[in-house]
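K.L.:
Each chain, written out:
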Amino acid sequence: MTVRDAVFLFIVIVAGTGGELAVTHTMKQIGEVQSFYPHHLLRVILRAFRSGWMWFGLALMTLSFFSLLMLLSWENVSFVVPVTALSYVLGAFGGKFLLGERVEPRRWLGVALVCLGVLLVCVG
Amino acid sequence: MKLPHRLHGKTICLIGLMAIFGSLGDVLLRKGMKQIGAVSNWRPDALLATFERTFHSGPIWLGITSLLLFFVAYVLVLSWADYSYVQPASATGYLFVALLGYLLLGEVIPRMRWIGVLVICLGVLLVGGTPPRTTEEG
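If you're matching them up, the sequences are chains A and B in order. Mapped onto my numbering, the consecutive letters of the first sequence carry residue numbers 58 to 181. Mapped onto my numbering, the consecutive letters of the second sequence carry residue numbers 2 to 139.
To be clear, the hints were calculated from the coordinates, so they are not data collected in a lab. All residues carry an ideal CB built from backbone N, CA and C; glycine is no exception. A few of these clues could be false.
Where chain A lies over chain B, by a calculated footprint (3+ residues, C-beta under 8 Å) [said to hold, decoys possible]: (1) 28-37; (2) 69-83; (3) 98-105.
SDA-like mimics (lysine to any residue), calculated; alpha carbons at most 20 Å apart, straight line [claimed, not checked]: (4) K85/A - K35/B; (5) K85/A - L103/A; (6) K35/B - F122/A; (7) K35/B - L166/A; (8) K85/A - F72/B.
Okay, chain A solo, but in the shape it has when bound:
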């Protein structure tokens, strides 16, 4: 992995995770989606887009997406995508400290295994 790859990977992970946390925050405010009828779904989507957090999340996800495109122009998808699993570390910490979710020891172990897997992918 080159320095250039590492920089873009960092942007993909941080902007992507930040964006997902912001979108999660929006959806938690809206509450559980119980009906899957198109007009009900449309209402949920319109409500979500009235939230500033949703737009902030989408902006970060767009940045992450374009950075991913750059990475995919240089490296194989079977390398790029598994390596982005590093976002699990950020996701678990973000879920715990920003959203107040309780992350159980077993879940932390899973996250640690994911990190080991990413390391092996890099070595391979």
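Chain B: place on chain A using the hints.
P.N.:
Only chain B this time, still in chain A's reference frame:
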């Protein structure tokens, strides 16, 4: 707090859709970017021209469509399940990505990388065994 039983079926179904659409989307993006070529010119006009080419690529649009379907499933499932549950549980897609990269794009995948992907999936299985929601509703 445990999820009501009725939520487990639709959670698993939506996470399955996320894995399929997410990995297919990534593979199609790689196919499109491979056709466009490696980004090597960092001048703003050259970058702009590259992104313009990106949006004239069929595989890229198919990839974006697939990722949008992934996103819809993702947003729906997030309305009742925790982020730190959904994000790792959807990672079975990593195995699909490697498989599709190998089968559709002919990528050479060293044995160590396959092992790494499987270890990621093992981590995912552990994470998936935990309750999907730990925060109170409201």
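K.L.:
Look at each hint and say if it fits the structure.
P.N.:
Each hint tested on the structure:
1. 28-37: With 6 residues closer than 8 Å to chain A, the segment 28-37 of chain B meets the three-residue bar; holds.
2. 69-83: With 6 residues close enough to chain A, the hint holds.
3. 98-105: Holds, because 5 residues of the segment 98-105 of chain B bring their Cβ atoms closer than 8 Å to Cβ atoms of chain A.
4. K85/A - K35/B: violated (38 Å)
5. K85/A - L103/A: holds (15 Å)
6. K35/B - F122/A: With Cα atoms ~16 Å apart, K35/B and F122/A stay inside 20 Å; holds.
7. K35/B - L166/A: Given that 20 Å is the threshold and the Cα spacing comes to 36 Å, the pair is violated.
8. K85/A - F72/B: Between K85/A and F72/B the Cα gap is close to 16 Å, so the pair holds against 20 Å.
Hint check: violations occur at hints 4 and 7; the rest are consistent with the structure.
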